[in-house]
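Start counting the sequence shown at 1; every next residue gets the next number (my numbering).
Incorrect hints may have been included.
[Stated by the list, open to error] Here are the simulated lysine to aspartate or glutamate pairs, EDC-like style, with alpha carbons at most 16 Å apart:
hint : residue 1 : residue 2
1    : K33       : D66
2    : K25       : D63
3    : K33       : E55
4    : K48       : D85
5    : K48       : E79
6    : K33       : D63
[To be verified] Label pairs and their computed distance ranges (CB to CB):
hint : residue 1 : residue 2 : range
7    : L127      : R23       : 35 to 43 Å
8    : D199      : A165      : 19 to 27 Å
9    : T13       : D63       : 16 to 24 Å
10   : D126      : R26       : 41 to 49 Å
If you are wondering where the hints come from, they were derived from the structure by calculation, not from laboratory data.
Quick reminder that beta carbons are idealized off the backbone N, C-alpha and C, glycines included.
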Amino acid sequence: MSNDDWYRRTTWTEADSTAFQARLKRSRGTYHKAQYLRIQAHYLANAKLAQDAVELLDQLFADFPDPSQLAQAHLQYAECMLASDRIDDAITSYRLAFDAEQAYPNSRSQLWLDFPWLIVTRCLTDLFPEIDAYLDWGDRAITFPVEEFRLNTILAFVADESGNAESARSHARTALTAAAKEHSGFVRHPTVGLVSNPDMTVLDRLQGLAGV
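Modelling step: build the complete structure from the supplied sequences, incorporating the hints.
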């Protein structure tokens, strides 16, 4: 196993866990231990081993809470909770990620879009008042079509909830245009950041708001 593969496992047998913990124990410093735990948790979550990923993230929070790793770790925890349809726990994790990013602003993520996206696509209307704070934290800055799509979908659904049909229509049309883009705008990376496999329920609602 290469030097990097020990914390990028996609299986998690008892032997895998024992070997990982042995290497982790020998690694130096809270930062590196937290990073190895977070990266390994990411690989396990992608391998549909969410509970094992959660256990590693819990270990990070309890034993090696390095500030540079906390925001992303809480985001990964939220994703694991969503995979288990534990929405309330996911919400808590998103809020903890927000606190961690504000405490360590050098560690930025897609949190500013991820949590508002959850709120509007799950119709968590009691949380709508929180959305602006997250969008403002990200400066509503978009680079890729998928970000343009997500931001304008959020704004369209918020406008619809508040009864602003004109704003909802405008943002819905912008979101649909972004979803249809076939070029990122970057010559060397034309397909990076495009909208792929969008939720048809979201698209149907956008089309209704856009009047198309």
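Handout entry: Pairwise hint evaluation, D66 against K33, where the allowed Cα distance is 16 Å at most
Key = Measuring from Cα to Cα gives roughly 9 Å; hence the hint holds.
Practice task
Confirm or reject the claim that D126 and R26 have a C-beta distance inside 41 to 49 Å.
Solution key: holds (47 Å)
Exercise for the section: Go ahead and decide if the range 35 to 43 Å is satisfied by the Cβ distance of L127 to R23. Expected result: Distance hint for L127, R23 holds at roughly 40 Å.
Problem - Holds or violated: K33 to D63, with C-alpha atoms at most 16 Å apart - result: holds (9 Å)
Handout entry: Hinted pair K48 and D85, Cα distance within 16 Å
Key = Given pair K48, D85 holds - Cα atoms ~14 Å apart, limit 16 Å.
Practice task
Hint says 19 to 27 Å; check whether the CB-CB distance for D199 and A165 agrees.
Solution key: Cβ of D199 to Cβ of A165: about 22 Å, so the range 19 to 27 Å holds.
Handout entry: Outcome for the supplied range 16 to 24 Å, where the beta carbon pair is T13 and D63
Key = holds (22 Å)
Practice task
Take the C-alpha atoms of K48 and E79, compute the straight-line distance between them, and say whether it is at most 16 Å.
Solution key: Holds, because 11 Å separates the two Cα atoms, which is no more than 16 Å.
Exercise for the section: Take the C-alpha atoms of K33 and E55, compute the straight-line distance between them, and say whether it is at most 16 Å. Expected result: holds (14 Å)
Handout entry: K25 paired with D63 [C-alpha distance capped at 16 Å]
Key = It holds: about 12 Å lies between the C-alpha atoms, which stays within 16 Å.
Comparing the model with each numbered hint stated earlier shows that all of them hold.
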